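As given, the protein sequences belong to chains B and Z, one line each in that order. Quick note, in my numbering, the first sequence goes up one by one and the last residue is 415. Quick note, in my numbering, the second sequence goes up one by one and the last residue is 415.
Don't read these hints as lab results, they were simulated from the structure. These figures come from a predicted structure and were not determined experimentally. Heads up, some of the hints might be wrong.
Identical copies go unnamed one by one, so any copy, or any two together, can satisfy a pair.
As a list, the in silico DSBU-like pairs of lysine-lysine whose alpha-carbon atoms are at most 35 Å apart [unchecked claim]:
1) K11 - K351
2) K145 - K11
3) K361 - K11
4) K145 - K87
Protein chains: 2
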Amino acid sequence: MSEKLRIGLLGRGTVGSAFDELVAERADQVEAATGRRPEVTGVLTRSQGDFGEILPDADVIVELMGGTDTAREHVLAALKAGVPVVTANKQLLAQHGAELFAAAEEAGVQLRFEAAVAAVVPVIRVVQESFGAVEFNKVFGIVNGTTNFILSEMAATGASYGDVLKRAQELGYAEADPTEDVNGADAAAKMAILARLAFHTPVTLDQVDFEGIEDIQPDDLAYAKELGLSLKLLGVAEKFEQGITVRVFPCFLYPGHPLAPIEGPFNAVMVEAPEITEVTMSGPGAGGLQTAAAVLGDVVSVAAGNARTHTADRDLPILTDVASSFYLHLEVADEPGVLAEVAKMLSDGGVSVKSVVQRGLGDDARLVMVVHHCLESEFKAAVAQIAELDALRSSPRFIRVIEEEFTA
Amino acid sequence: MSEKLRIGLLGRGTVGSAFDELVAERADQVEAATGRRPEVTGVLTRSQGDFGEILPDADVIVELMGGTDTAREHVLAALKAGVPVVTANKQLLAQHGAELFAAAEEAGVQLRFEAAVAAVVPVIRVVQESFGAVEFNKVFGIVNGTTNFILSEMAATGASYGDVLKRAQELGYAEADPTEDVNGADAAAKMAILARLAFHTPVTLDQVDFEGIEDIQPDDLAYAKELGLSLKLLGVAEKFEQGITVRVFPCFLYPGHPLAPIEGPFNAVMVEAPEITEVTMSGPGAGGLQTAAAVLGDVVSVAAGNARTHTADRDLPILTDVASSFYLHLEVADEPGVLAEVAKMLSDGGVSVKSVVQRGLGDDARLVMVVHHCLESEFKAAVAQIAELDALRSSPRFIRVIEEEFTA
């Protein structure tokens, strides 16, 4: 039996509960990755637990309680006791980062905080580790999902800020008190953390200029559509010859900009530097389970150390006949009944047609269709039959289609 | 003076030379991140160097020679001697991964290979580290920039595969012998590596089904445009109840799919799992400098170990007045001369107009414009003047614009 990885969990709200469950569900995977089996051995909530008893029994402290007073005390105490800490607390880091990083450095233990900026979008690890020696010009992006949802909805529906905010609250994308999200303060705290990491310069929350989206008018979005622009609340940390800027503001983007297609409650961060050009990462920037997954990734890193080697400890069979949707291109004689014949062969073979384009071309016609998901073997068998038709003028051509429609 | 980090460099082609230069340029940053100053202490090329002399003097071996025979021998020898290895060699890993990972595991040293799959897009680190305990459903994406460039160009111009390939060769996006790229073999090797990591199952190159883009016809792309589809060469590794599939094939995507907007010689990889929903990473998937940057990231990780703590060892000034482009919305009396007056105030203030939309609204008119980059202080001073105009019917509103147009 492998050594245990004892987790002291501070806070058991939405993210804390999701994390607690995820640890149990993924215990095998964590053990495979780290050689240690994780277990939440102590929990501190407002009504339960004693930090003084939890700390000595923990191999890692996971701080998901929020707030900056008690959280700060406990995180500092853990680091000073040589216990590594994983936290998702952006305010704690944006306000007390200098003190906490210094304590971690002095004790020589890890302080990890991937979930504090963009939940499961791995911006912290990528900035700190993949690009640990990179000279960034600019780190920027959409780091608040609530406001991105609101702006996407306003642009799509023409509705007012107030109406869309109400809808976002009903859907759970905005808090009952949405102030910190909509005024840019939440994004500002995240940008303070990112700017600090990217530029190795102590940036605190009060040094970040921020503006929110409360004053955006529907007709601004209407004009923007005419100009081909889309509106995002951006956090921007940028380096100039004279220094850096760290700001949050609503901003129009031209089409083709990698952040322009990011719609709904998503986050996306771009990093730019001469040696990497630009790299973009996007995904869900909030959500209890997604945030918990980011926290668990940090816990695994704390436990695994850096010397992890890949092991192929499973041996799943490799399948070849899977389902797919297809585009099918047929060149046929322009005669009555050909489409019906083709459609019957597909349908007899278990293949159902989603859309068809037919077009004449002299004596010939093109039949172009997209079919719904079916097994490749079924589709290919039907096409082999179709290929035998006298009316066919050239070999059928087909290309797979990912049918899934994304509506972020 | 800090300890040296001695790098034995195998291969000095495009990536090797870029890496050698980057090590010198970023020595300060590497030293700050790892506490050790990097130096290339030995170089092996076809005509120069002796591996037997380089290895004993190296703290890390960086393999950028390519090929699978000598590279395999040297990498195995290094790992067995307890020297960590960083490689960008996808064929080596796709064909001999099992043997190399076992050797690294046995010796307890690191084998890193970020640059082998998507150059500077950090898919390997994210799959292995951020999501080390995640149960992936699917890992897929555009992992060959040459074919993505060709397909983007074919769709945009209507030109034939052959003509666009020639243009790609002229631009340096395709090799003189493009076979491995265009027939899907290059992507297949990368998918073998990704599938192995994501599903912990030994996948070798010969188990990957692949198709290329050589047979794509311009009229398929024309029909696809009508159907709202865009074409990509996708690598897909997916888990089903019965096993996994690992395939490479050209594939149509509906608009709104996160990979649909990825155009030109770029790579993008999506990972899907219940606990992370979906995360997308994109950026330049090739290029000597970009690949070298990914290799350097791995070297930093090898040297730093996992316990790196962030230190804010610089203290850049935080600037507040920076340049930006702006959208400006004015509600004015519909009288002659107002536009001219506004334009003069902007121009006197050093602000130049990029585009204007003017629209009547009863007695009033809307003037909506986008202005070119200027200092915020200049823009705000001009707007303050405009706000004093008698013709103005409400306060001016403005929103920043990122003017940069991306044409990936």
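Comparing the hints with the structure gives:
Taking the shortest alpha-carbon separations for K11 and K351, neither the intra-copy value of 61 Å nor the inter-copy value of 73 Å comes in at or below 35 Å. In this assembly of identical chains, the alpha carbons of K145 and K11 lie at most 35 Å apart only when taken from different copies (30 Å versus 41 Å within one copy). Taking the shortest Cα distances, K361 and K11 never come within 35 Å of each other, neither inside one copy (53 Å) nor across copies (63 Å). Proximity of K145 to K87 under the C-alpha cut-off of 35 Å is restricted to the intra-copy arrangement: shortest distance 34 Å within a copy versus 41 Å between copies.
Hints 1, 3, counting from the list given before, are not met by this structure.
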